[in-house]
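Visitor: From just these sequences and the hints, can you work out the full model?
Chain order of the listed sequences is S and C.
Residue numbering for the first sequence follows my numbering, beginning at 1 and increasing consecutively.
Residue numbering for the second sequence follows my numbering, beginning at 263 and increasing consecutively.
Relax, there's no trap hidden among the hints.
Some chain C residues well away from chain S (every beta-carbon gap over 10 Å; in silico): (1) Arg-428; (2) Ser-432; (3) Arg-456; (4) Ala-501.
With the C-beta cut set under 8 Å, the calculated list includes, among others, these residues of chain S facing chain C: (5) Phe-106; (6) Thr-109; (7) Val-112; (8) Ile-260.
Keep in mind that the hints were calculated from the coordinates and are not lab data.
Glycine included, every Cβ here is placed at the ideal spot set by N, Cα and C.
For reference, the chains in residue letters:
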Amino acid sequence: MVMIKHEVRQGRMTLLIWTMVIAFMLALCILIYPEMETQMGDVSSMFAEMGGFSAAFGMDRLNFGEFMGFFGVECGNILGLGGAFFAALLGISALAKEEKEQTAEFLLTHPVSRREIVGKKLVSVLIQILLLNLFVAAVTAASICAIGEEPDIRPLYLLLLAYLILQVEVASVCFGISAFLNHGGPGIGLGMAALLYFLNIIANLTEQAKFLKYLTPFGYTESADIIADECLDVKYLSVGLVFTVIGIGAGFCRYCRKDILS
Amino acid sequence: MDAIKTASLTKYYGKSRGIIDLNLTVAQGDFFGFIGPNGAGKSTTIRTLLGLTAPSDGSAQILGMDISRQKEEILSHVGYMPSEASFYRNMRVRDVITFSAGLRHKDCRAEAGRLCERLELDVNKKIRELSLGNRKKVSIICALQHMPRLCILDEPTSGLDPLMQREFYSILEERNKEGATIFVSSHILSEVQRYCRHAAVIREGRLLVSDSTQSLGHTDTKRVRLRGAGVKLPLELPAMKDVQTDGDSVSFLYSGSPKELLNVLAGLNLTDVSITEPDLEEIFMHYYG
Numbered sequence: 001m002v003m004i005k006h007e008v009r010q011g012r013m014t015l016l017i018w019t020m021v022i023a024f025m026l027a028l029c030i031l032i033y034p035e036m037e038t039q040m041g042d043v044s045s046m047f048a049e050m051g052g053f054s055a056a057f058g059m060d061r062l063n064f065g066e067f068m069g070f071f072g073v074e075c076g077n078i079l080g081l082g083g084a085f086f087a088a089l090l091g092i093s094a095l096a097k098e099e100k101e102q103t104a105e106f107l108l109t110h111p112v113s114r115r116e117i118v119g120k121k122l123v124s125v126l127i128q129i130l131l132l133n134l135f136v137a138a139v140t141a142a143s144i145c146a147i148g149e150e151p152d153i154r155p156l157y158l159l160l161l162a163y164l165i166l167q168v169e170v171a172s173v174c175f176g177i178s179a180f181l182n183h184g185g186p187g188i189g190l191g192m193a194a195l196l197y198f199l200n201i202i203a204n205l206t207e208q209a210k211f212l213k214y215l216t217p218f219g220y221t222e223s224a225d226i227i228a229d230e231c232l233d234v235k236y237l238s239v240g241l242v243f244t245v246i247g248i249g250a251g252f253c254r255y256c257r258k259d260i261l262s
Numbered sequence: 263m264d265a266i267k268t269a270s271l272t273k274y275y276g277k278s279r280g281i282i283d284l285n286l287t288v289a290q291g292d293f294f295g296f297i298g299p300n301g302a303g304k305s306t307t308i309r310t311l312l313g314l315t316a317p318s319d320g321s322a323q324i325l326g327m328d329i330s331r332q333k334e335e336i337l338s339h340v341g342y343m344p345s346e347a348s349f350y351r352n353m354r355v356r357d358v359i360t361f362s363a364g365l366r367h368k369d370c371r372a373e374a375g376r377l378c379e380r381l382e383l384d385v386n387k388k389i390r391e392l393s394l395g396n397r398k399k400v401s402i403i404c405a406l407q408h409m410p411r412l413c414i415l416d417e418p419t420s421g422l423d424p425l426m427q428r429e430f431y432s433i434l435e436e437r438n439k440e441g442a443t444i445f446v447s448s449h450i451l452s453e454v455q456r457y458c459r460h461a462a463v464i465r466e467g468r469l470l471v472s473d474s475t476q477s478l479g480h481t482d483t484k485r486v487r488l489r490g491a492g493v494k495l496p497l498e499l500p501a502m503k504d505v506q507t508d509g510d511s512v513s514f515l516y517s518g519s520p521k522e523l524l525n526v527l528a529g530l531n532l533t534d535v536s537i538t539e540p541d542l543e544e545i546f547m548h549y550y551g
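Guide: Shown next as structure tokens:
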């Protein structure tokens, strides 16, 4: 518990800033929806005529005239991308920061096994992701109540759940990479999150690139599919789970055998 | 049971040499100095003993426990002070000390308080506000607050002012009298000579010698100092090392025959002669010369 408390305390400012920014942006979008709703007829027809661009963001299959259609796109951009960046930063720095800040020597000369350190760092990453998502979900619910909307709860719940799983997957893969780094790699983490986001956009553009959805967790957070099907795509989700396990496993294997040089 | 015992301990970083075939024994209750220049392998030895790096070959035991298999148990009895004291920069001193005790599942508040008082450390400051000397003090407290059976200290006094160095060694002497083993890595030979009962010299990853500091200071080598107008170099003496001249004075280390030395000196017009045991600093130079 000492270790987890320490890790969460160390990351509290980052958590606070990312949580506030994402929650504020989401609340802002929801609160301006009633104003935009009146203009949505024109916007929806405009999007429908934009071909590949609309398909890239799933806007060709979402009805902007309905709250969930609007929320699906906005949520995808704000919570999806913002959450992925936050999770990537958390994961990529979890193990590497000790060597970068030269605190690994201090930490690893206490009677705590490497396995325990890796495990508790992973738990603290998951706790921080969960805290962000709980707060964002609460702000989302409050904002929806404030504008008097009554959307279908199931797709809304599934969307938020999908983004939580996406963040866990991104954080886990970055966590595994972190064990191989001697210095913090925020650039690697952010770059990877951006790459995964764009892979999904490319996959939406053409059938030939559809296989990319297996590689990116954004494949199972596609708002249009979740709202239409009211379920998460198990085939993409299963591959994501495999990546998550590989990331965590690599983190444990590498860090438990790693030479700490300074 | 020895406090530290290594058997052919070897560590390579890729193809780079760390330590080679190191056989080192430190008895329990000893005050032991580990001497060597930068890059000799002192820190590699310590880091391997503490499990920060895995040995390439050989084995080692600390307090009778194997370093590869009983690492956590070993670390619960060891207090380690690294040569460069780095902590979490945004934490306060008291939080770092409490965190260190927490990782050991021990309540060390009373001892930490005593050590902070003796070392005059302000626990309310943030780590990033501390000088190197004060960071060293935090490191000392984290290494000693849980009353370890073995203290492993890597270049412990760099950054500490002379008064604090004295206080630090007085704390170590007290701990040593209470039964703790003290293992100090240093290249400040005067402090090794003053405080340590035994010492080992490491060079290019290999152990050169391990003996009592008294025996290390008693070699066949003598420091000869001559003064007089008639002293002209070179003297016709073999086995001269570390020759230093200053005006009409000449000083050198001599490890040859005393008779030969006296014969040469008898022919010189000298105003002063001294033949003394070299200090550990000079012995060290002798080994590395």
